[in-house]
Amino acid sequence: MKFFVALLLTALLGYAAPLYLPWWSFAVTSLIVALVVHQKPWKAFVSGFLGLFFLWAVYAFILDNANDHILSQKVAQILPLGGSYILLILISALIGALVSGFAALTGSYARKK
Amino acid sequence: MRIVPFILSAAVTTGLVIVLNMQLPAGDGNTPRLGYFLSPQKGFWQNAEATNEPFNGDLKLNGLQGNAEVYFDERLVPHVFAENENDAFFIQGYLHARFRLWQMEFQTQAAAGRLSEIFGAGKDSNFLHIDKFFRRLGMVYAAENSLKEAEADPRTKAVCDAYTAGVNAYINSLDEAHYPFEFKLLDYKPEPWTNMKTALFLKYMSFDLAGYEEDFERTNAKSVFTKEQFEKLFPYGMDSLKPIIPDITALENKGLGFPMPANADSVYFNYKDSVDVAEKPIKPNKSDGSNNWAVSGSKTASGRPILCNDPHLALNLPSLWYEMQISTPGFNAYGATFPGSPGVIIGFNDNCAFGFTNAERDVRDYYAIKFKDSTMQQYWFDHDWKNASFRDEVIKIRGAADDTEHIAMTVFGPVMYDKNYPDKLNSGKAYACRWKAHDASNELLTFIKLDYAKNFNDYTNAIATYQCPGQNMIFASKAGDIAIKPQGQFPAKWRRQGDFVMPGDDSSYMWQGMVPDSENIIMHNPQRGFVSSANQYPYDTKTYPYYLGGSTFELFRSYTINRNLDSMKNITADDMQRLQTSNYNILAEMAKPVFMKYLRQNELSGNAKKYLDIFTGWDLENNADENGPTVFTLWWDSLKTTMYGDEFAQTKLPLPDIDESTVIESLLKDSDYEFADDINTPQRETLYDVITSSFEKIVPVLQKNEKENNLAWGKFKDSDIRHLLKIPALCRLHVDAGGGDHIINAYEKHTGPSWRMIVELTDETNAYGIYPGGQSGNPGSKYYDSFINDYLAGKYYKLRIMKKDDMQKQTSLLGKITFTKS
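Protein chains in written order, with the working numbering: chain A, 30 to 142; chain D, 7 to 828.
Everything labelled a hint here was simulated from the structure, so no lab data went into it. Beta carbons: idealized from backbone N, C-alpha and C, even for Gly. Incorrect hints may appear among the rest.
[Stated by the list, open to error] Label pairs and their calculated CB-CB ranges:
#	chain 1	residue 1	chain 2	residue 2	range
1	D	Pro11	A	Leu48	26 to 34 Å
2	D	Leu626	A	Ile91	49 to 57 Å
3	A	Ile91	D	Ser573	54 to 62 Å
4	A	Leu48	D	Val400	32 to 40 Å
5	D	Gly63	A	Leu48	19 to 27 Å
6	D	Asn461	A	Ile91	53 to 61 Å
[Stated by the list, open to error] 20 Å max Cα-Cα, derived SDA-like pairs, lysine to any residue:
#	chain 1	residue 1	chain 2	residue 2
7	A	Lys69	D	Leu14
8	D	Lys732	A	Gly112
9	D	Lys646	D	Met602
10	D	Lys598	D	Tyr694
11	D	Lys378	D	Asp512
12	A	Lys72	D	Arg8
13	D	Lys195	A	Leu48
Only chain A is shown next, with the shape it has when bound in the complex (with noise of 0.2 Å):
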């Protein structure tokens, strides 16, 4: 319960700060919501790490959907990912979710006595 509790709470407040502060802000929602919802560091990290990746995942599909695909396809060329749309997706989700894993994990052991 208290893992989903925490991927949810993430993916939550990984939209809301982004939308007023810096790209990594979420960095720092991430910590505190491990902080909060304490769990075992590897719990945390993978809770981290889900919250963002199914944030970003989703939200990139949505708009590449949308999008047709147009814009991914040529930055899947100059990146490159041989022009992969769906690796685009990945990679973005997987870098934020890296950030995101190692800060809650922080926060994890900031409280583990």
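With chain A fixed as given, assemble chain D onto it according to the hints.
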């Protein structure tokens, strides 16, 4: 708290954020800040515009004086209905920024020599090199001069101020999530727009259109060729020329008669001198050109004039052009606009239509400067030491210290090349640049006045003050008038003045004055029923009293256009579409009999005969699916290399190109052409030898292309429409297009007709147009390149100059924005 794991994971988190929030080196450049760039909330995903995105809005903005409405039609062309002129230009600025902001910034930063601010110095200092070139050419100096002139005119200033306020209203509404895609990719921010940026943009067009010269190359050619040879290779005038203004009997004066300096033969026409240019300078494309023509009602089915124009420029994404209608109580204009400048540039209003081709005159010359010492404080001029002034141009470089160009200013203009710009010239020699674009002038006023023009008098009044880049300005009205005038301020030159680098110590080599505007001759309602231009000489070179120097005058397109217009009757807009997209190769028509006369067919191999059959069976159309144009083009280029390669190999320094018109006219009249001889062999080669051997040389090339399935002209030419950054993913590469150099459809590899427009001046205007791009500059929009396929298919869109009431009834609108003053 577990200290060690806590510190470790905190360090990893911080490290990740830091690394993902900085640009990392990759290849020749840097990555974007990956965390920012890939963030769906802030990064490029935000530029992925929904394909069903509505373009609606209700904007209350400072700077507006009344209410206005903008309707976007089904091609995303905005139709602006404003209550006053201020609001119309404000909204034009806002829309340009809304759809083309990055391009506007990038083009003006390139013109101002500021690319290093965005990219850093670049690989091998490429960007710094380009920046230095534009700074030393005096682009900023030129824009400052023209801005002063433009802002001194209250009407122009009001238009520019409104436009700038509109651009900035949009920029101020942006946050980092909504910056255009390229800002995110290159990681920088838009900066406020200014009237100076508009001036810089217009100067960039001057560079593109009045910046081509071959002074150093021609000076070098003097060291290789005798005077007679030089005149044969780089003649003044053309045998087959059909000038823009064929009849100059209206000219009352016989010229201002500025004399050639007395010492010109020894000091200037010394065909032994050589200037050591280490590297070719940056040049605009020599093939930039355009077609325009207008036929009177006597030649049309409707009995009304039809005006056509297609400017040939680099085909880029985002396009140079943005299509729109601007309607105010004062004027109602439709056409192609320049993102970066107010006004409709090539278009029409309720009364008339207007367009341009480039005048091609040489208005940029160089003078050799002798400085007293390395401080460049004084230079020798008219038997005395004269003080130079200085201009410091500071180039900011991303990630490095500033670079300052300390430029000496002379009576001629900026010293472009000197010991401090050593990658261009060997040390010890300095050259000042005299460029017409340096002079203060207000070109924008002409475009604004044309938008308002109601009749022939308004047209002549609008263009009278226009200076640079010189243009052949064409006009047609619903009253039935057609007219054309080569307009601009052109130096009154003596023969060959400015073709070579000139002495800078003698005032008699300076430009002594400008051709009076009364001697730029207008052609109005001629008997033949049409006016036209396609970058040819404006007048007969034998009788016009001024030297019409230039190295880019074109013969073939104007020849084809005039031949067609001479014979056409009952013309419709459809006929004009066919003519404007014609792929007929007139050079091949002229060359074919010459080729077949001199080719020794009995010496050809079986393979060669196969390709010869393709050539002889070809209908002379440069269509994308034909093989004939590939054979001809390769043969022609091979012939030029075979004929002139040996002479050109006498110098390692750059030489001017030889015009196709010079080559074909020489072949047609001179069966004993001296350049057919290979100077490296004891025997004397003839045209029989070079035409046969040049054909044999291309056979392996043709075989290779055939094997790779690239023999068809469209495949062989391999045209494209490139993004300004030349990033392949943002370009349209390998488009299958016909046309080519010297053909009415002048689509070469990277350049071509950038806006095709046909306007029939019937009571209800019947207009068509298209450009190879799309209304949105956003690579993430479906309107980024939405016109390209239709363009390639030779299609046109109906250009509808609408009334507001009709717009409101439209059901296919993509959106509507209302603008209200706040």
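Against the structure, the hints come out as follows:
At about 32 Å, the CB distance of D:Pro11 to A:Leu48 agrees with the hint of 26 to 34 Å. Checked against the hint of 49 to 57 Å, the C-beta distance between D:Leu626 and A:Ile91 comes to roughly 54 Å, which is consistent with it. Range check, A:Ile91 to D:Ser573: Cβ separation about 60 Å, and the 54 to 62 Å hint holds. As the Cβ distance of A:Leu48 to D:Val400 is approximately 39 Å, the hint placing it in 32 to 40 Å holds.
For D:Gly63 and A:Leu48, the hinted distance range of 19 to 27 Å is satisfied, since their beta carbons lie about 21 Å from each other. The hinted window of 53 to 61 Å between D:Asn461 and A:Ile91 holds, with their beta carbons roughly 56 Å apart. A C-alpha spacing of about 16 Å is found between A:Lys69 and D:Leu14, which places the hinted pair at or below 20 Å, so the restraint holds. The straight-line distance between the Cα atoms of D:Lys732 and A:Gly112 is roughly 17 Å, inside the 20 Å bound, and the hint therefore holds.
Pair hint D:Lys646 plus D:Met602 holds up; C-alpha atoms about 16 Å apart against a cutoff of 20 Å. Distance hint between D:Lys598 and D:Tyr694 is fulfilled; the C-alpha atoms sit about 14 Å from each other, no more than 20 Å. Between D:Lys378 and D:Asp512 the CA atoms are separated by roughly 16 Å; this keeps the pair inside 20 Å, and the hint holds. Between A:Lys72 and D:Arg8 the alpha-carbon distance is near 16 Å, which keeps this suggested pair within the 20 Å criterion.
For a cut-off of 20 Å, the pair hint linking D:Lys195 to A:Leu48 stands: about 19 Å separates their Cα positions.
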